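Assemble the whole structure, with the sequences as input and the hints as a guide.
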Amino acid sequence: MSDVAPFTPAVRLSHLGDDVKTRIFEAALRVLADVGASVQHDEAVRLLQKAGCSLDSDGLVRVPRPAVERALSSAPNAFTLYDRDGAAAMELGGHNVYFGTGSDLMWQYDPHTGEHRPSRLDDIARVARVCEALPNMDFVMSGAYPTELDPRGVYAVTFLTMMRNCTKPLVIVAESEIDLGVIIDVAADVRGGRDQLRERPYFLAYVEPVSPLSHPAESVAKLLLCADAGVPVAYVPAPLLGATSPVSSAGHVVQGMAECLLGLVLHQHRAPGAPFMFGVNQGTLDMVSGQPSYAAVEGFMNYLTVVEMAKWLGLPNWGISGCTDSQAIDAQLGLEVGELTLLSMLLGSNLNHDVGFMGFGLTGALEEIVITDEFVSMNKKLLSGIPVQDEDLAVNVIAEVGPKGHYLRHPHTRRYLRKGPGQWRPRLLNRDNRDRWVECGGLDLREKARRKVQAILESEGPPTLDPVLLALAEERVAALKASPKVGSPS
Amino acid sequence: MSTTRHAIIEEIIEAVVEGEPEPVIAGVRRALEAGVDPETVLNDGLTAAMTSVGDMLDRGEVFIPDVLWSAEAMQEGLALLLPHLSEGASRSAGTVVLGTVQGDVHDIGKNFVGLMLSGAGFEVVDLGHDVTAEAFVEAVAEHGAGLLGMSAMLTTTMPVMSRTLQLLEARSLRSGVRVLVGGAPVTQSYADKIGADGWAIDATKAVAVAKELV
Ligand code: B12
Numbered sequence: 001m002s003d004v005a006p007f008t009p010a011v012r013l014s015h016l017g018d019d020v021k022t023r024i025f026e027a028a029l030r031v032l033a034d035v036g037a038s039v040q041h042d043e044a045v046r047l048l049q050k051a052g053c054s055l056d057s058d059g060l061v062r063v064p065r066p067a068v069e070r071a072l073s074s075a076p077n078a079f080t081l082y083d084r085d086g087a088a089a090m091e092l093g094g095h096n097v098y099f100g101t102g103s104d105l106m107w108q109y110d111p112h113t114g115e116h117r118p119s120r121l122d123d124i125a126r127v128a129r130v131c132e133a134l135p136n137m138d139f140v141m142s143g144a145y146p147t148e149l150d151p152r153g154v155y156a157v158t159f160l161t162m163m164r165n166c167t168k169p170l171v172i173v174a175e176s177e178i179d180l181g182v183i184i185d186v187a188a189d190v191r192g193g194r195d196q197l198r199e200r201p202y203f204l205a206y207v208e209p210v211s212p213l214s215h216p217a218e219s220v221a222k223l224l225l226c227a228d229a230g231v232p233v234a235y236v237p238a239p240l241l242g243a244t245s246p247v248s249s250a251g252h253v254v255q256g257m258a259e260c261l262l263g264l265v266l267h268q269h270r271a272p273g274a275p276f277m278f279g280v281n282q283g284t285l286d287m288v289s290g291q292p293s294y295a296a297v298e299g300f301m302n303y304l305t306v307v308e309m310a311k312w313l314g315l316p317n318w319g320i321s322g323c324t325d326s327q328a329i330d331a332q333l334g335l336e337v338g339e340l341t342l343l344s345m346l347l348g349s350n351l352n353h354d355v356g357f358m359g360f361g362l363t364g365a366l367e368e369i370v371i372t373d374e375f376v377s378m379n380k381k382l383l384s385g386i387p388v389q390d391e392d393l394a395v396n397v398i399a400e401v402g403p404k405g406h407y408l409r410h411p412h413t414r415r416y417l418r419k420g421p422g423q424w425r426p427r428l429l430n431r432d433n434r435d436r437w438v439e440c441g442g443l444d445l446r447e448k449a450r451r452k453v454q455a456i457l458e459s460e461g462p463p464t465l466d467p468v469l470l471a472l473a474e475e476r477v478a479a480l481k482a483s484p485k486v487g488s489p490s
Numbered sequence: 001m002s003t004t005r006h007a008i009i010e011e012i013i014e015a016v017v018e019g020e021p022e023p024v025i026a027g028v029r030r031a032l033e034a035g036v037d038p039e040t041v042l043n044d045g046l047t048a049a050m051t052s053v054g055d056m057l058d059r060g061e062v063f064i065p066d067v068l069w070s071a072e073a074m075q076e077g078l079a080l081l082l083p084h085l086s087e088g089a090s091r092s093a094g095t096v097v098l099g100t101v102q103g104d105v106h107d108i109g110k111n112f113v114g115l116m117l118s119g120a121g122f123e124v125v126d127l128g129h130d131v132t133a134e135a136f137v138e139a140v141a142e143h144g145a146g147l148l149g150m151s152a153m154l155t156t157t158m159p160v161m162s163r164t165l166q167l168l169e170a171r172s173l174r175s176g177v178r179v180l181v182g183g184a185p186v187t188q189s190y191a192d193k194i195g196a197d198g199w200a201i202d203a204t205k206a207v208a209v210a211k212e213l214v
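Line order of the protein sequences matches chains A and B. Be aware that the first sequence starts at 1, since it is given in my numbering, and climbs by one per residue. Be aware that the second sequence starts at 1, since it is given in my numbering, and climbs by one per residue.
Source of the hints: derived by calculation from the structure; they are not laboratory data.
One side only, chain B facing chain A, incomplete, derived with CB under 8 angstroms:
no., residue
1, L57
2, G60
3, F63
4, I64
5, P65
6, V105
7, I108
8, F112
9, T155
10, T156
11, A184
12, P185
13, A203
Just the calculated beta-carbon pair ranges, DEER-fashion:
no., chain 1, residue 1, chain 2, residue 2, range
14, B, H143, A, A455, 56 to 62 angstroms
15, A, W437, B, Q188, 39 to 45 angstroms
16, A, N77, B, K211, 55 to 61 angstroms
17, B, H84, A, V247, 36 to 42 angstroms
18, A, E69, B, G176, 55 to 61 angstroms
19, A, A250, B, E10, 39 to 45 angstroms
20, A, A250, B, P83, 44 to 50 angstroms
21, B, S172, A, A250, 51 to 57 angstroms
Partner residues are not named here, just some residues of chain B that face chain A (Cβ under 10 angstroms, in silico):
no., residue
22, D58
23, R59
24, E61
25, V62
26, D66
27, G103
28, H106
29, D107
30, G109
31, N111
32, H129
33, L154
34, T157
35, M158
36, P159
37, T187
Bear in mind the structure is a predicted one, so any value in this text is a computation, not a measurement. All C-beta atoms in this analysis are idealised placements derived from N, C-alpha and C, irrespective of residue type, glycine included.
Laid out in structure tokens, this is it:
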């Protein structure tokens, strides 16, 4: 059980009938069995063969239906992520909805100067600090790529920075199985051992195959390492509509599912029952600007379908929220963040990353994280549904007040607000009249969000990490950086 | 130009814009039969059509795949026209060796740049992705390429570009080839820093820069 009650929407969105879902699934099975895929990892190919797949003379692996069915039946339909201290924090599965940031943004709107500048390591620390303080951010991804650092071992450094600056569970990116191995070692130290880490996973690894239908050695090696270590993994392709997938929504989902499910077959054959997260990223190539849109309506259509398919297959899903194509912290940002985030909540999408993304996955802004947090808070209320007990139906209260009366002084009103469901209070959105708003500085949402970010950054950070653990972790990362096996190909 | 000749040119333009190779070929053939100067067919027909397709893309009136189809249709027409053009005009824009650097699988942008360059008349030798500095340098030597285009989409893989430049230098090939770099993390200042000859933010600009460099 989680220490914090998970949010599960009472108001839900679902639009696909069983017949449609069956058609989509069957089409994905046909792609797996007839088209096949390129798997660039010998051991993985052998494992897949043992799982019933064939390696054919064209070099492609073909996956038959029973292999997929077996993997689906052994994969858990839920798993839990634990925080730095080992407390249960996210129960991923069912319609539970969680939010967090994305990774690797190359640019940031500086929270102090507003300048658009290359990302640095201290941005990762700030992202973690901000998420730690926000009640509706459940996990942390780096949010930034430290462009000032030597790329060798950079993802291990990133991991360490996140770990030091927040206690919430992490979602991580690694370059290969070598740095991933070090990250697992550090997490195991934090837990007090490999078995303890397996029992109480501290992070989920985000691994991507390459659309169309290609599974590079590094991706597969990371997937297998996660299976072995019992570390939860999301094996999620990012086909771009019309560029690396068919342009049709259904075709995009079918291909993406085939890519993800091949990963599932491999992963479950290696470690039946190990935690696996299903997903297909919803990218759309804008066919005029050439930009990979994170907020195109076609992408949203695919997303609705993918999340419904995940529920239908009984797998926890990888989702997306809180991002925009806008280059500014403006009304477009608000609108796109709102739409995608609301969709995730209505769908009961489990792990929703990329909060704080703008400008096609290249720029980050802490203000956007704060704005998304507010939006999630508001909609948790909306989607909890209306209670309809006698107290809520309030017939006797209506009778007591009668025609031409008012409710302001009625005890029911006060009780309801103070002890009952209350009224959702904005922390950023304006509810002041014009005069008061002007008196308070006439601040718009962007400025209020900026000030909130400042306040969080000025407040005390999370409890520091045990210095012995920290020293050990730093040693491990230093060894990785010095290893001839890692880092930039240069 | 007479009205019929003018009409033929218009037809060629329309066919290129529509991305239909057969009518382009038919149009070029008719133009040649009607005695239209081949240079005029090229400049006022095929090239003008591509310019207008580019403008249409800028205005959002066509999609990227439309441009690719137009470029291919244009190339079909050009193939027919080539033997009739003078030396100078018929020369291909040059050979470009292109690839995504080692350690990097991102190839959508690189593919797009390749399609646009071949649409603009370059011979494109596409080495795919995960290309080592050695492989770039060997391909430049083997194809006698005047241009090398490298794409990197990860901060971690950008150093391969500078390594390739060093290797070109070491093999005494640097002076014979113009080096163009691009990809989301790559900036003009990075290009300057590593000593590349050009950088472009997108595929359309890449064509313009490539043309300037050769
Ligand atoms: C699609 C995508 C993927 C796909 C790639 C599929 C493929 N076949 O290419 C997949 C899912 C496989 C992928 C994997 C990863 N990705 Co990725 N990916 C993207 C994404 C969303 C879009 C890239 C794209 O296709 N854009 C569309 C094309 C048309 O545009 P473009 O590539 O920018 O190219 C244009 C220009 O740059 C220019 N150009 C490009 N090349 C050249 C070359 C020359 C010579 C010239 C002149 C111009 C030029 O012209 C092009 C056309 O206009 C970007 C975000 C982004 N906005 O860039 C992240 C992004 C690049 N990925 C990122 C990351 C971190 C990864 C992974 C490490 C993630 C992981 N968990 O494993 C892996 C890395 C795998 C590897 N070793 O390479 C980060 C990089 C961060 C950084 N600082 O390095 C980004 C920025 C997203 C993010 N914020 O996390 N990714």
